[in-house]
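A.B. asks: Line by line, the protein sequences give chains A and B. Under this note's numbering, the first sequence has 139 at position 139, and the numbering climbs by one with no breaks. With the second sequence counted from 1, adding 229 to any position gets you this note's numbering.
Hint data in this document are derived by calculation from the structure and do not stem from the laboratory. Owing to the predicted nature of the structure, the values given are computational and were not obtained by experimental measurement. Take the hints with a grain of salt, since some may be wrong.
DSBU-like, lysine-lysine: derived pairs with alpha carbons at most 30 Å apart [claimed, not checked]:
{"id": "1", "chain 1": "B", "residue 1": "K251", "chain 2": "B", "residue 2": "K743"}
{"id": "2", "chain 1": "B", "residue 1": "K743", "chain 2": "B", "residue 2": "K670"}
{"id": "3", "chain 1": "A", "residue 1": "K37", "chain 2": "A", "residue 2": "K193"}
{"id": "4", "chain 1": "A", "residue 1": "K113", "chain 2": "A", "residue 2": "K190"}
{"id": "5", "chain 1": "A", "residue 1": "K37", "chain 2": "B", "residue 2": "K251"}
{"id": "6", "chain 1": "A", "residue 1": "K37", "chain 2": "B", "residue 2": "K767"}
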Amino acid sequence: MGSNVTESQTATLPEGLQGLTHDWSSDKQAFYVPWGKAMMWFFLLSDTFIFGCFLTSYMNVRMSTRVPWPNPSEVFALSFGGEPIPLILIAIMTFVLITSSGTMALAVNYGYKQDRAKTAALMFVTAAFGAIFVGMQAFEWTKLIVDEGIRPWGNPMGAPQFGASFFMITGFHGLHVSIGVIYLAVVALKVLKGDYEASGNYEIVEITGLYWHFVDLVWVFIFAFFYLW
Amino acid sequence: MAYVAFADNDTHSHDPDTFISKYIWSQDHKVIAIQYGITAISAGIVALVLSLLFRLQLGFPDSFSLVQPNEYYQYVTMHGMIMVVYLLTALFLGGFGNYLIPLMCGARDMVFPYLNMLSFWFYLLSVIVLMASFFVPGGPTGAGWTLYPPQSISPGTPGVGGGIVLMILSLAIFIIAFTMGGLNYVTTVLQARARGMTLMRMPLAIWGIFVATILGLLAFPALLVAAIMMLLDRVIGTSFFMPEMLSMGDATEYGGGSPILFQHLFWFFGHPEVYIVALPAFGMVSDVLSVHARKNIFGYRMMVWAIVAIGALSFVVWAHHMYVSGMNPYFGFFFATTTLIIAVPTALKVYNWILTLWRGDIHLTVPMLFAIGFIFTFIHGGLTGLFLGNVTVDLPLSDTYFVIGHFHMVMGVSPVLVLFAAIYHWFPKITGRMFHTGLGKLHFWLTLLGAYSIYLPMHYLGILGLPRRYFAYGDTDFIPESANLMNAGITIAALLVAAAQCLFFINVIWSLMKGKKSGPNPWRAASLEWQTPDTPPKHGNWGEQLPEVHRWPYDYSVPGATQDFIPQTVPANSGDAPQNEQEVED
Chain A
1 MGSNVTESQT
11 ATLPEGLQGL
21 THDWSSDKQA
31 FYVPWGKAMM
41 WFFLLSDTFI
51 FGCFLTSYMN
61 VRMSTRVPWP
71 NPSEVFALSF
81 GGEPIPLILI
91 AIMTFVLITS
101 SGTMALAVNY
111 GYKQDRAKTA
121 ALMFVTAAFG
131 AIFVGMQAFE
141 WTKLIVDEGI
151 RPWGNPMGAP
161 QFGASFFMIT
171 GFHGLHVSIG
181 VIYLAVVALK
191 VLKGDYEASG
201 NYEIVEITGL
211 YWHFVDLVWV
221 FIFAFFYLW
Chain B
230 MAYVAFADND
240 THSHDPDTFI
250 SKYIWSQDHK
260 VIAIQYGITA
270 ISAGIVALVL
280 SLLFRLQLGF
290 PDSFSLVQPN
300 EYYQYVTMHG
310 MIMVVYLLTA
320 LFLGGFGNYL
330 IPLMCGARDM
340 VFPYLNMLSF
350 WFYLLSVIVL
360 MASFFVPGGP
370 TGAGWTLYPP
380 QSISPGTPGV
390 GGGIVLMILS
400 LAIFIIAFTM
410 GGLNYVTTVL
420 QARARGMTLM
430 RMPLAIWGIF
440 VATILGLLAF
450 PALLVAAIMM
460 LLDRVIGTSF
470 FMPEMLSMGD
480 ATEYGGGSPI
490 LFQHLFWFFG
500 HPEVYIVALP
510 AFGMVSDVLS
520 VHARKNIFGY
530 RMMVWAIVAI
540 GALSFVVWAH
550 HMYVSGMNPY
560 FGFFFATTTL
570 IIAVPTALKV
580 YNWILTLWRG
590 DIHLTVPMLF
600 AIGFIFTFIH
610 GGLTGLFLGN
620 VTVDLPLSDT
630 YFVIGHFHMV
640 MGVSPVLVLF
650 AAIYHWFPKI
660 TGRMFHTGLG
670 KLHFWLTLLG
680 AYSIYLPMHY
690 LGILGLPRRY
700 FAYGDTDFIP
710 ESANLMNAGI
720 TIAALLVAAA
730 QCLFFINVIW
740 SLMKGKKSGP
750 NPWRAASLEW
760 QTPDTPPKHG
770 NWGEQLPEVH
780 RWPYDYSVPG
790 ATQDFIPQTV
800 PANSGDAPQN
810 EQEVED
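Please put together the full structure from these sequences, using the hints given.
C.D. replies: Okay, structure coming up:
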């Protein structure tokens with residue numbers, strides 16, 4: 001143990017990899033971030049494994065079923081004036097969700113500048129984008145269930161696992177988005193009320209943002225694996 | 230160091246003032262730990278009784294009619310699941326993790342006490358949901374603790390009505406509870422240590438709990454996903470795991486699913502789960518051995534890296550549980566190799582424990598006896614693990630009593646011995662009283678010898694080819710009469726061991742009331758939890774000032790020191806502690 005290095009506040013850290021390990025294993029804390037932020041990192045790491053398992057399982061059942069998989073360009077197409085446009089709804093949904101990541105980043109920025117009104121406003125906008133996303137997802141589900149007759153246990157176009165994994169995984173993601181909308185709204189209200197003025201600490205905005213960006217990132221993978229494969 | 234002041238911030242202290250906030254809805258990590266402990270041990274007693282019921286059937290197939298074939302499978306299933314998840318995982322991490330992390334790291338509490346409290350109440354809910362399955366029509370699930378579909382959700386399996394659904398729900402609730410607690414443990418260890426408590430000065434108990442918690446946070450997701458998919462298969466009729474098949478002579482509605490997918494997901498959780506239980510046991514036994522041998526732990530750094538390496542490797546060995554599942558045979562080669570590689574850091578730990586004892590000033594106290602007993606059972610169970618890790622040896626031994634013997638030696642007896650060692654070791658700190666030594670030693674000898682007489686014969690039965698999960702063997706050509714005799718002997722030993730556990734409970738209750746006062750540090754131990762101003766520690770743990778750490782926790786028998794141990798809080802340049810080369814290097 002290099003006790004001299006860690007005891008002394010003024011000692012300079014060694015360079016390179018050794019410096020990294022000394023820094024990381026130093027006393028009190030491994031990362032110079034608040035507890036809540038560190039905990040959100042670990043939670044998201046765990047959540048990554050949940051979505052990883054979901055998507056891997058989806059790939060597995062898609063490959064192991066002997067019935068052909070429905071063609072995504074047809075299933076997810078929307079008709080405008082009789083002409084089907086593939087993937088148009090999902091393109092709009094993805095655009096909305098990615099945009100919400102942008103407004104979230106701006107909210108974090110204004111949070112650190114302690115601009116209460118702008119932070120809260122941008123968070124509400126982010127939450128609104130999230131709500132729009134969930135609304136469009138509900139529309140998509142309705143269309144798939146009512147118009148095309150797709151059910152979790154079967155569908156007219158092919159493998160029953162299509163509906164099963166689609167509803168399960170987009171449903172689980174939609175649940176994440178819905179929770180995120182509530183989470184954003186609660187924190188935005190607290191920001192607006194000035195709950196964080198006393199401490200001047202707006203880290204919570206960034207922590208909320210971490211969650212929101214994660215949910216967006218997961219969507220990119222779901223989009224790629226369900227709609228583009 | 231922007232957040233230094235935060236670590237000792239009074240706004241986090243939330244002092245309890247009423248009975249309810251002190252003992253029931255408590256946010257104090259010590260109370261939560263005891264709540265976890267009591268719940269886990271109660272669940273464990275249920276599982277123990279179940280094992281006695283089905284052992285009576287196995288040992289004396291025609292003499293008792295306590296269980297019918299259906300109940301036999303239900304009890305075997307519930308015994309396994311309760312012991313692995315609801316007793317061992319909960320007691321090691323929820324119980325000892327909660328109690329030891331803040332005290333050994335020098336924190337006032339977990340970083341988010343409210344979340345920690347919720348963790349316990351969700352855990353209690355999961356236990357209640359699980360126990361409720363005994364009272365639904367059809368009873369609990371009898372699918373075996375691995376819950377393999379299609380059998381677990383097909384008609385004909387006991388508990389296919391409500392039992393399996395409650396089992397899945399209970400597991401999901403347990404995972405939520407574990408996640409809330411686990412996030413707290415990891416964040417506390419990484420972010421809220423006392424000044425001077427570097428990662429490489431943490432006791433190995435904390436290292437074991439810390440790495441095990443990370444494993445849990447990454448492995449339980451696989452079980453959660455498998456549980457959700459099986460619930461959908463069972464309740465709304467999707468076919469994730471269900472192939473086209475006949476059930477009771479009729480074609481089912483299912484088709485196209487992959488039963489092996491469930492096995493992969495289950496064991497991606499299931500194998501790290503073994504180490505979620507084993508790593509805290511490794512860590513705690515290291516501390517107990519070092520304290521009672523009055524010697525520093527041998528090769529501290531090696532021990533830390535072995536824990537980390539075992540944790541990492543545990544994620545790439547899962548399919549060694551699936552050699553006979555019908556997966557691609559080339560997988561077997563890969564997974565046998567990784568399985569044998571994991572034996573290297575594990576063997577290294579065993580050598581280091583023995584070298585810690587080597588020429589130590591060994592005090593054969595009750596915790597030390599249990600710790601040494603653990604080394605024996607663990608070597609035994611570990612070696613049979615090498616047999617089963619090889620594909621060619623595993624194939625004939627699969628699903629025989631050899632597997633039961635191996636598994637119970639390495640994951641049943643060994644962690645339980647460590648749990649007893651840990652309970653006896655930390656009992657004085659938790660309660661402020663000493664336990665009865667004579668009763669403790671009697672408990673140890675009956676448990677250790679009894680455990681050997683249960684599980685050693687099982688290896689022999691397994692090599693004879695006795696399959697597991699059979700209600701009765703009847704007249705079978707390859708099973709000699711002596712095997713039945715041996716089964717009866719195992720059952721008698723199991724009854725004796727179970728009876729011996731009463732000694733433990735009597736000891737705990739007697740000591741709580743009549744045990745002599747222990748004082749703050751009866752074992753003369755160096756680590757931080759024994760240096761608290763009060764015993765048992767009060768809310769907030771450290772009184773006015775957080776402790777400051779100046780050394781590692783294993784300064785025993787340091788040459789030239791006035792005592793044979795130097796607490797972690799003693800500064801390096803005080804007269805009590807000569808600068809010691811060994812200490813600096815290790």
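A.B. asks: Give a verdict on every hint.
C.D. replies: Now for the hints, and whether the structure bears them out:
no. : hint            : verdict
1   : B:K251 x B:K743 : 24 Å, holds
2   : B:K743 x B:K670 : 18 Å, holds
3   : A:K37 x A:K193  : 22 Å, holds
4   : A:K113 x A:K190 : 16 Å, holds
5   : A:K37 x B:K251  : 29 Å, holds
6   : A:K37 x B:K767  : 29 Å, holds
The structure is consistent with each of the numbered hints, conforming to all of them.
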